[in-house]
Amino acid sequence: MADKMLSQQGLTPQEWMDRDFWGNRTKSCLCLILLFAVLLGFYSNVFSLIPRRQTEKSQSPEAHHVQGRRESLTLSEGDGHLDSCRIPEVPRLLYPKAQLLKPLRVDVLVMTPWFAPVVWDGTFDSALLDVQFRNTTIGLTVFAIKKYVVFLRLFLETAEKYFMVGHKVIYYVFTDRPADVPQIALQDGRQVVVLHVGNYRRWQDISMHRMEMISNFSRRRFLREVDYLVCLYVDMKFSDHVGVEILAPLFGTLHPGFYAADRQSFTYERRPLSRAYIPRDEGDFYYAGGFFGGSVPEVYRLTTACHQAMTADQAQGIEAVWHDESHLNRYLLSHKPSKVLSPEYLWDEQMLQRPPLLRKLRYVAVPMNHTEIRSR
Amino acid sequence: MVVPRGGQSSGQCPVDKEHPFAGAQAQRLPPAMHCLRLALGLGFCLLLGITLCSLWMYVENWLLVSYIPYYLPCPEIFNMKLQYEEEPSQPVAQSQYPQPKLLEQKPTELLTLTPWLAPIVSEGTFNAELLHHIYQPLNLTIGLTAFAVGNRYTRFVQHFLESAERFFMQGYRVHYYIFTHDPQAIPQVPLGPGRRLSVIPVPGPSQWEEASMRRMEAISVHIAKRAHREVDYLFCLDVDMAFRNPWGPETLGDLVAAIHPDYFTVPRHQFPYERRPVSTAFVADGEGDFYYGRAVFGGRVARVYEFTRGCHMGILADKANGIMAACQEESHLNRRFLSHKPSKVLSPEYLWDDRKPQPPSLKLIRFSTLNKDTARLRS
Chain A
1 MADKMLSQQG
11 LTPQEWMDRD
21 FWGNRTKSCL
31 CLILLFAVLL
41 GFYSNVFSLI
51 PRRQTEKSQS
61 PEAHHVQGRR
71 ESLTLSEGDG
81 HLDSCRIPEV
91 PRLLYPKAQL
101 LKPLRVDVLV
111 MTPWFAPVVW
121 DGTFDSALLD
131 VQFRNTTIGL
141 TVFAIKKYVV
151 FLRLFLETAE
161 KYFMVGHKVI
171 YYVFTDRPAD
181 VPQIALQDGR
191 QVVVLHVGNY
201 RRWQDISMHR
211 MEMISNFSRR
221 RFLREVDYLV
231 CLYVDMKFSD
241 HVGVEILAPL
251 FGTLHPGFYA
261 ADRQSFTYER
271 RPLSRAYIPR
281 DEGDFYYAGG
291 FFGGSVPEVY
301 RLTTACHQAM
311 TADQAQGIEA
321 VWHDESHLNR
331 YLLSHKPSKV
341 LSPEYLWDEQ
351 MLQRPPLLRK
361 LRYVAVPMNH
371 TEIRSR
Chain B
1 MVVPRGGQSS
11 GQCPVDKEHP
21 FAGAQAQRLP
31 PAMHCLRLAL
41 GLGFCLLLGI
51 TLCSLWMYVE
61 NWLLVSYIPY
71 YLPCPEIFNM
81 KLQYEEEPSQ
91 PVAQSQYPQP
101 KLLEQKPTEL
111 LTLTPWLAPI
121 VSEGTFNAEL
131 LHHIYQPLNL
141 TIGLTAFAVG
151 NRYTRFVQHF
161 LESAERFFMQ
171 GYRVHYYIFT
181 HDPQAIPQVP
191 LGPGRRLSVI
201 PVPGPSQWEE
211 ASMRRMEAIS
221 VHIAKRAHRE
231 VDYLFCLDVD
241 MAFRNPWGPE
251 TLGDLVAAIH
261 PDYFTVPRHQ
271 FPYERRPVST
281 AFVADGEGDF
291 YYGRAVFGGR
301 VARVYEFTRG
311 CHMGILADKA
321 NGIMAACQEE
331 SHLNRRFLSH
341 KPSKVLSPEY
351 LWDDRKPQPP
361 SLKLIRFSTL
371 NKDTARLRS
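For the protein sequence lines, the chains are A and B, in the order given.
Take the first sequence: its letters are residues 1 to 376, numbered as in my numbering.
Take the second sequence: its letters are residues 1 to 379, numbered as in my numbering.
Heads up, some of the hints might be wrong.
Anything over 12 Å on all C-beta distances counts as not near chain A; from chain B, calculated [stated by the list, open to error]:
#, residue
1, Thr125
2, Leu191
3, Met324
4, Gln328
5, Ile365
Cross-link-like lysine to aspartate or glutamate pairs, in silico, EDC-like; alpha carbons within 20 Å at most [what the hints assert, rightly or not]:
#, chain 1, residue 1, chain 2, residue 2
6, A, Lys147, A, Asp205
7, A, Lys360, A, Asp121
8, A, Lys161, A, Asp121
9, B, Lys363, B, Glu129
10, A, Lys97, A, Asp121
11, A, Lys97, B, Glu287
12, B, Lys363, B, Glu123
13, A, Lys146, A, Asp205
14, A, Lys237, A, Asp125
15, A, Lys97, B, Asp285
16, A, Lys102, B, Asp262
17, A, Lys102, B, Glu287
18, B, Lys356, B, Glu129
19, A, Lys168, A, Glu282
20, A, Lys161, A, Asp235
21, A, Lys360, A, Asp107
22, A, Lys97, A, Asp125
23, A, Lys102, B, Glu123
24, A, Lys97, B, Glu109
25, A, Lys360, A, Asp205
26, A, Lys161, A, Asp188
27, A, Lys168, A, Asp107
28, A, Lys97, B, Glu129
29, A, Lys102, B, Glu109
One side of the interface only, derived from the structure: several residues of chain A facing chain B at Cβ under 8 Å [unchecked claim]:
#, residue
30, Leu35
31, Phe36
32, Glu89
33, Leu94
34, Met111
35, Thr123
36, Ala260
37, Lys336
Calculated directly from the structure, the hints in this document are not laboratory data.
Keep in mind that this is a model prediction, so the values were computed, not measured.
The beta-carbon is built from N, C-alpha and C at its ideal position, and this holds for glycine as well.
Between the sequences and the hints, there should be enough to build the whole structure, so can you do that?
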């Protein structure tokens, strides 16, 4: 057949070979080379994703240390919670030098015996910490069930003024009345996410089920969206700066009523039957249920453990004296927090007289009629 | 004349064996043949692509092994070896210890927290028993590197190891790595249970500066090759020193630095930082937290790896520019600690010079210079 076509063309086999070689064949070859290049490019992208994932993290030290890059979290000591492979890099910053022989606060404890800083005003440099945490997203969970939605407006408005200003924040508002969540003007990089949940008849149950809901949503959602979680009570407002100095793998806040008390007078759960039981000769601090948090994995662990403990108690027919707060204290006794926040971070001006050692009040209770709110 | 039919001699453009014609003629071919050609071409490209990519991956991995000092990525394993993995099932065991007093005056006169909320470790700031309860169940292995390169340094190894056996991380698994040019000179020191010693041969120094500048490189290479599998935490200490008092888990942290004993009362503009802007270790006048000593640093293996690599890169860059920093390696160490702030700082109790009188603010000296005259007498 080829011979026949050749003779039709009137070409000698030699001429045919030459013509053919540089004509049709070139075009096809070129097309194929193009196709091949495209495929190779596509494949190399797909395949090198695998080795590149490992090299990605090492590229920062390779860049000169004067260049800043996307950094991860700074971690405090005494616990070893490790989220990723790097110490954040701080670009050049001017700030006063710390004086080694001049402790900043001599009237209060600034570090626990397990090296967790106790965060008081004057112990930290906000500018420095802001730079260390510059690419961090913070999630704030707040529960506004039933009539508690009335607190949301003031809470969110003051949060916009004082809470993690300059950082990315996602407010997770858990409510059974999504229509009642007020529209607040938000700064850049901040958003409100309303999560519709069910309610319970008793306020104790609502409070205790916070743990279950935070635990569920941590796994389903928060892990992907934020780096740190801060879990707050809604019937409060911010009155002064609350920033990244609080962020740590796990942190709790000193209850304003018990910061000066002996461990015997802490209102821990004292019945051995309960899972929240703490004997009289144990305990570091009495932590408040209204302000705790940490990295998402740690908060997930805390809330899961508390929820399981509460379920076990329920099966035994016992309820801890201060509900989720008792279980929180039990957990923080055996899983020591990596930071402890001073009572500046949770105060009630109506119930307590403000001592001079509290230079600032950052997060305070809003006066309310408990019986009225809780009955609806 | 042999006309190319099925079975192309070059085998490169398989499509051509069906179309031995000029371009004009090819258009007269049935579309089915054209598609078949295209499909075959695609198939061949696919095959070639896959082959080349697998070859590349294989070669790349092989390359990694040869170029460890410069291309080894931060191993994924560090993200998996997380301390808190053990915690959920092993909370801190119940222990009796006094309640922390929030409102009492601190017995220590030293600052206990840096402005970035890193603890400054000194006697009185921690409860050793409580820390032991926290760290003991974690089954940690702590590594300790020391460089005895040069005949005058191998003499210190004996006393260093003996004092480490008495005071360093008692009750934990410890792995000593002694880097030396002369493995025969390292004495056999009896070690306690769970403690091992490895001698790492390194090339001998031509001069002292040269040896000290290669320390960072040697440590990072060593971590990449071995230490990341063998230890959880790593401390890099100078060998011409000795332990005087217990050095325990209070020093464990992500990235740990120690304050230099000669400069802890001195204002920052008097720190012997490298002041020439051309160097990578340059620190400007209004900058600086503390002056850290090169004789003690450490932390988690992954962080120490990154830290030493960063320092080494800085040293290399300076070398390329023909400049050597004022205090050699220590300048680079300080520069790096300025931008990558340590998560824990050790007070000068952990790095002391015995020739200085002990001030009242330092309660318990734990690690200090060996009196060089005594050392000469010993040998």
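The hints, checked one at a time:
1. Thr125: Non-interface label on B:Thr125 violated, nearest chain A Cβ at 6 Å vs cutoff 12 Å.
2. Leu191: About 26 Å separates B:Leu191 from the closest Cβ of chain A, which puts it past 12 Å; holds.
3. Met324: Non-interface label stands for B:Met324: nearest chain A Cβ at 18 Å, farther than 12 Å.
4. Gln328: The claim holds: B:Gln328 sits with its nearest Cβ about 17 Å from chain A, beyond 12 Å.
5. Ile365: For B:Ile365, whose nearest Cβ neighbour in chain A is about 16 Å away, the distance exceeds 12 Å, so it holds.
6. A:Lys147 / A:Asp205: holds, 15 Å
7. A:Lys360 / A:Asp121: Judged against 20 Å, a Cα distance of about 7 Å means the pair holds.
8. A:Lys161 / A:Asp121: With a Cα-Cα distance of about 18 Å, the restraint between A:Lys161 and A:Asp121 holds, given a limit of 20 Å.
9. B:Lys363 / B:Glu129: holds, 18 Å
10. A:Lys97 / A:Asp121: holds, 17 Å
11. A:Lys97 / B:Glu287: holds, 8 Å
12. B:Lys363 / B:Glu123: Since the Cα atoms of B:Lys363 and B:Glu123 sit roughly 6 Å apart, the hinted pair holds (cutoff 20 Å).
13. A:Lys146 / A:Asp205: holds, 13 Å
14. A:Lys237 / A:Asp125: Outside the cut-off at roughly 24 Å; violated.
15. A:Lys97 / B:Asp285: holds, 12 Å
16. A:Lys102 / B:Asp262: This hinted pair holds, its Cα atoms lying about 17 Å apart.
17. A:Lys102 / B:Glu287: Holds - the C-alpha atoms of B:Glu287 and A:Lys102 are around 19 Å apart, at most 20 Å.
18. B:Lys356 / B:Glu129: violated, 31 Å
19. A:Lys168 / A:Glu282: violated, 39 Å
20. A:Lys161 / A:Asp235: holds, 17 Å
21. A:Lys360 / A:Asp107: Given that 20 Å is the threshold and the Cα spacing comes to 15 Å, the pair holds.
22. A:Lys97 / A:Asp125: holds, 10 Å
23. A:Lys102 / B:Glu123: holds, 16 Å
24. A:Lys97 / B:Glu109: holds, 17 Å
25. A:Lys360 / A:Asp205: With a Cα-Cα distance of about 33 Å, the restraint between A:Lys360 and A:Asp205 is violated, given a limit of 20 Å.
26. A:Lys161 / A:Asp188: holds, 12 Å
27. A:Lys168 / A:Asp107: Roughly 34 Å between the alpha carbons, so the hint for A:Lys168 and A:Asp107 is violated.
28. A:Lys97 / B:Glu129: violated, 33 Å
29. A:Lys102 / B:Glu109: holds, 7 Å
30. Leu35: Holds. Min distance 5 Å.
31. Phe36: Interface hint status for A:Phe36: holds (4 Å vs cutoff 8 Å).
32. Glu89: A:Glu89 check passes; min Cβ-Cβ to chain B is 5 Å, inside 8 Å.
33. Leu94: holds, 5 Å
34. Met111: The hint holds - A:Met111 has a Cβ within 8 Å of chain B, the shortest such distance being about 5 Å.
35. Thr123: holds, 5 Å
36. Ala260: Since chain B brings a Cβ to about 6 Å from A:Ala260, closer than 8 Å, the hint holds.
37. Lys336: holds, 6 Å
When each numbered hint is compared with the structure, violations occur for hints 1, 14, 18, 19, 25, 27 and 28.
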